[in-house]
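Those sequence lines, one after another, are chains Z and X.
Heads up: the first sequence begins at 1 in the UniProt record's numbering, then just goes up one per residue.
Heads up: the second sequence begins at 1 in the UniProt record's numbering, then just goes up one per residue.
Where hints are given, some of them may not hold.
[What the hints assert, rightly or not] In the DSS-like style, the derived pairs of lysine-lysine whose C-alpha atoms are separated by at most 25 Å in a straight line are:
#1 30/Z - 25/X
#2 32/X - 30/Z
#3 60/Z - 97/X
#4 54/X - 97/X
#5 60/X - 27/Z
#6 60/Z - 60/X
#7 60/Z - 75/X
#8 30/Z - 23/X
#9 60/Z - 73/X
#10 12/Z - 25/X
#11 65/X - 54/X
#12 23/X - 12/Z
#13 54/X - 60/Z
#14 75/X - 12/Z
[What the hints assert, rightly or not] Just so you have them, the derived chain X footprint on chain Z, three or more residues with Cβ under 8 Å:
#15 11 to 21
#16 26 to 34
Bear in mind the hints are in silico, worked out from the structure with no lab data behind them.
Beta carbons are placed, not taken as given, at the ideal position from N, Cα and C, and that holds for glycine.
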Amino acid sequence: MSATNNVAQARKLVEQLRIEAGVQRVKVSKASSELMSYCEQHARNDPLLVGVPASENPFKDKKPCVIL
Amino acid sequence: MATDGLHENETLATLKSEAESLKGKLEEERAKLHDVELHQVAERVEALGQFVMKTRRTLKGHGNKVLCMDWCKDKRRIVSSSQDGKVIVWDSFTTNKEHAVTMPCTWVMACAYAPSGCAIACGGLDNKCSVYPLTFDKNESMAAKKKSVAMHTNYLSACSFTNSDMQILTASGDGTCALWDVESGQLLQSFHGHGADVLCLDLAPSETGNTFVSGGCDKKSMVWDMRSGQCVQAFETHESDVNSVRYYPSGDAFASGSDDATVCF
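Starting from the given sequences, assemble the full structure and let the hints guide the process.
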């Protein structure tokens with residue numbers, strides 16, 4: 001019985017590997033340059049790179065109210 | 001009987017050798033395409049300047065380790081869950097607690113905000129993922145409206161709503177991920193392939209398709225097709241548990257963080 005389990009598992013593994021072997025792949029150089037250009041294109045929308053203007057920052061410190 | 005046994009052994013041996021040769025072929029293919037390193041392509045890019053971070057708010061209220069959090073799409077509310085069994089919804093602008101629910105278990109390892117902002121999902125050692133509609137009606141207790149959606153046979157490690165409030169994707173210590181219909185609690189698709197606990201998952205950015213990536217204690221990161229349940233690609237480059245995975249915003253890449261002290265991209 002354990003033999004049939006092993007066979008079933010092995011069969012699944014082979015099927016899975018066949019699928020993965022069939023996946024279309026791209027060269028690292030191409031993938032890298034695509035990722036980099038995506039990064040550069042979106043850089044101006046990235047608050048971690050560009051910063052958040054104080055007027056638009058909902059979390060900026062509020063000055064305490066002074067009662068005159 | 002004896003011949004059956006022999007036949008099975010033969011098949012097992014041929015399958016194993018086919019598996020080995022396929023693995024070898026995959027490695028060859030990957031090596032062929034590995035013509036350059038990312039940092040070489042990026043050589044001429046200016047390094048980022050000093051990154052200044054400032055703590056703007058501290059949300060106090062959990063009694064023990066905070067295990068998970070998620071932002072609401074309104075960019076204001078946050079849901080967080082803790083080892084103490086509590087799940088809290090915060091208004092991050094005011095630091096007020098808007099909702100709190102005590103789970104029937106400790107170690108609430110996963111929580112997520114629904115895209116509509118009207119519900120949260122959470123779970124942990126209870127082996128379930130439950131959805132709580134958020135109500136401001138003081139007469140209604142959140143716990144009363146609880147809906148158990150996902151049932152696993154081990155702890156819930158991660159959960160995420162898909163594009164709508166109607167479906168939830170879960171990852172579990174039972175080694176599987178699963179896609180559930182919230183309304184009926186029905187299992188829509190299960191994802192088998194990890195050899196150990198699944199610790200994390202991340203959905204692909206919605207524009208790019210129906211996949212998600214998961215990471216597990218088997219050191220693997222796996223990319224799945226949500227519709228077929230098929231593992232599309234597996235990555236085994238870490239030397240220890242993969243604790244966290246995140247898609248790159250373009251959907252073309254993902255990063256993984258591991259107990260081996262590295263982040264892979």
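Taking the earlier hints as the rules, which of them does this structure contradict? 5 and 14
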